[in-house]
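**Student:** So you can see what is in the structure, the chains are spelled out below.
2 protein chains.
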Amino acid sequence: MLLPALLSEISSHDFEVAETLIGVLRFVLIFVAARSLAELLVRFELPTILGELLAGVIIGASGLHLLVPPETQVQLSGVFSNVVGGIAHIPPDEIPEIYNESFGALQAVSNLGLFSLLFLTGLESELEELIAVGAQAFSVAVVGVVLPFALGTLGLMGIFHVDPVQAIFAGASMTATSIGITASVFGELGYLRTREGQIVIGAAVLDDILGIVILAVVVSLAAGGTLEIAPIVQLVVAAVLFVVVALVLSQKAAPAFDWVVDQLKAPGGKLIGSYLLLGASCFIATAIGLEAALGAFAAGLIASTSKHRHEIQAAVTPIVGLFATVFFVLVGAGMDLSVINPSDPSARSALVIAGFMFLVAIVGKVVAGWAVFGPQKTNKLVVGLGMLPRGEVGLIFLGLGTAAKLLSPGLEIAILLMVIGTTFLAPVLLRLVLKDKPPEDGNEVPEEFAADPLAGAS
Amino acid sequence: MLLPALLSEISSHDFEVAETLIGVLRFVLIFVAARSLAELLVRFELPTILGELLAGVIIGASGLHLLVPPETQVQLSGVFSNVVGGIAHIPPDEIPEIYNESFGALQAVSNLGLFSLLFLTGLESELEELIAVGAQAFSVAVVGVVLPFALGTLGLMGIFHVDPVQAIFAGASMTATSIGITASVFGELGYLRTREGQIVIGAAVLDDILGIVILAVVVSLAAGGTLEIAPIVQLVVAAVLFVVVALVLSQKAAPAFDWVVDQLKAPGGKLIGSYLLLGASCFIATAIGLEAALGAFAAGLIASTSKHRHEIQAAVTPIVGLFATVFFVLVGAGMDLSVINPSDPSARSALVIAGFMFLVAIVGKVVAGWAVFGPQKTNKLVVGLGMLPRGEVGLIFLGLGTAAKLLSPGLEIAILLMVIGTTFLAPVLLRLVLKDKPPEDGNEVPEEFAADPLAGAS
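Protein chains in written order, with UniProt numbering: chain W, 1 to 458; chain H, 1 to 458.
Hints were generated in silico from the structure; no laboratory data involved.
Being a predicted model, the structure only gives us computed values, none of them experimental.
Mixed in with the good hints, there may be bad ones.
Pairs count within a copy or across copies, as identical chains cannot be separated in the list.
Straight line, CA to CA, 20 angstroms or less: simulated DMTMM-like cross-link-like pairs of lysine to aspartate or glutamate [as the list claims (entries may be wrong)]:
| hint | residue 1 | residue 2 |
| --- | --- | --- |
| 1 | K252 | D262 |
| 2 | K380 | E45 |
| 3 | K435 | E94 |
| 4 | K307 | E188 |
| 5 | K265 | E45 |
Make a model of the complete structure from these sequences and hints.
**Tutor:** The structure is reproduced here in structure tokens:
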């Protein structure tokens, strides 16, 4: 670790002890909080990812100030400083500086969790199942992406006079359904193998792809700060091409990938091979002006048809389990809930915007359920409700938008509440609707979805 | 990520792109180099860990300058700066600063790999097998720790006039045999279940414990810079107590740990539970003045009798596979080989010291083989040679010693060469000695050792 010169009056040993204590304590706090809340929520049959978010809010900038990202400018808890300072023999008022100094390491670990999670999401995309319900799923996905994106963006600009770049970003954050949460709720109710279940999963895979393409374009655009047509077209073309190439490679290049991996004789070859693919794909995506996150997802798509897929999945899952938790908790920790304090008149507009986004997020996806066509009987409400939870992809939007400083605090909170609200509502409403109707055709759950595919992540 | 104010003339988007590219490229370079060398060595039936070290030397401060820890003060390769600068539209001469700024994240990931590796080493300690060959193993372990430690420390002080703290540290670095490498060589030769194999594994577990206790004491002491009796006694007592408590807990507390883990209903509970145990143990070790590394090892000992041990092992192995590689490559990358350039007269003393340490490291452990007593026939040379490889524990000494700036560049290289030399020599010599003698009593390899227990790490 680098010793900042300004702390030269502190012995380098005490400094290192303090750094180790801060790192370990931060890690322990994240996991104790995330696990406690996740265990609570799982007992109410709610997605554990909500627990990780709430854990972040509780120990973060809006709560106990134990986990405070430096960019929030929030003062670290005095208890934390006193404990670490006391043990390491360093004046407690020096602790916040060491804390901030070493925060980049936690963000690096969190990014690693994010990229691993996106890789796993791509890896678990059932492209073949998708083709079976292709037309229906495509129709639901497109309506479910276009509607919330258009309504959200135009509404935020027209009604609330939000800056166009921010409005587009917030609109885009409502596009992608969480495959993991949807699949686990349907699986648990025995509805995964029904026509509705298959359409929802297919549409969720497709809108992940559409959503992550939009994300890649929006973040790159917004970084420029202006909205010109030429770069938008250029980025959209690049992003679509990138995903198309990944999809083609997933059909064609998997044998080559498998051949390379089979040549590796030293232990751990499949995992290292996968992370090299992940790294190369992130590098290419970044180099052509897209988000690294898109590269991670595309790498997962490419590996999804590998014959080693299940082994890769087994090796990546614990990595996601540890580090994606850090990502979700950090997202919650960075939120400033004071901007929606209802007793503060100036904060009310943020609350109204949050309400608007929540409504659009629900209406957009429920209406998408009616995009199912054809003669077969389909419960369109079930399809619509199944598309509700935004979960991890919504949070990836939020995390990247916050990191790129694209969003006002009010919009950050609005996105957070939209994600929490839809992810909370979907299982509750689906259980109500499906309670009395046993699934019509068998409820055999395929192995892939028997457990929450995000098992590790929560 | 934090934007340093001094780079304000660069747009924050370009800065972030550069930061992402540097992070991803560094990661890809580490794994391409480590994997290539590991694949090469495994074809000569040599331990892959040697490949990871050499990979670090090749891309590091003594080689291509692609992976340069900031503390080495070595200039980053111009090729690296030009590639990243070109893609991110940043002047190449600004790249080294961003590179150094973000190096802490890589070191954090490397520490995570180190702690996970030590946890896994503790977890895989076969305490019951140890008891079976207890007295013999204990005798070999003690002689094999005391002899190199005493000969090394006294020789370095007496013959080469090395500073006492450095001499003690270098002596201590020769104490611990690598369980992983030894077990994999014996396993491969079908000798693991022989009397010799069992004694060596038992002694390797014991000298790991002794070695890590010595490490915890020496690093803490050396940080103070002085050698007084009172703090030495205090630290030795603390370290021994800490390990004894961990050993007692491994017999008594595993049911409690299992009970807690069994209550966890959200997915991933065993892994999170293990890392919380790891975090808490590292925190306590650091808080009472010992090394966090000892805490990580002790946590593994505690979990080693858990009924979930195999599941925990399966989940931790991929994490070690990715991140311990980063640790080993970074150790190699930080080495300055110019200090042993034989054509430079002032560098010759470093080479002589390296030769001396190599010799002591071999003699100390081979003689320890003759510490086997009792009426049963035992091939004492096989036991001695089996104890040779210092592998990962030697490197942990080196990594921590370098990080704490305890060692002169010459001693760092001497330790590196001692580790490389013994780890290279052991499998070669053992194969020569054992070539014509099939094992006497069965060569059934227990499941735990059928594969390299460090499988993930290499």
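**Student:** Each hint should be assessed against the structure and marked as holding or not.
**Tutor:** Okay, the hints, checked on the actual structure:
Proximity of K252 to D262 under the C-alpha cut-off of 20 angstroms is restricted to the intra-copy arrangement: shortest distance 17 angstroms within a copy versus 44 angstroms between copies. For the identical chains of this complex, K380 and E45 are neighbours neither inside a copy (24 angstroms) nor across copies (61 angstroms), given an alpha-carbon limit of 20 angstroms. In this homomeric assembly, K435 and E94 never come within 20 angstroms of each other (Cα to Cα): the closest approach is 57 angstroms inside a single copy and 61 angstroms across copies. Taking identical chains as interchangeable, the C-alpha atoms of K307 and E188 are never at most 20 angstroms apart, the minima being 28 angstroms within one chain and 28 angstroms between chains.
With identical chains, the CA atoms of K265 and E45 are at most 20 angstroms apart between copies only, with a shortest distance of 10 angstroms across copies and 44 angstroms within one.
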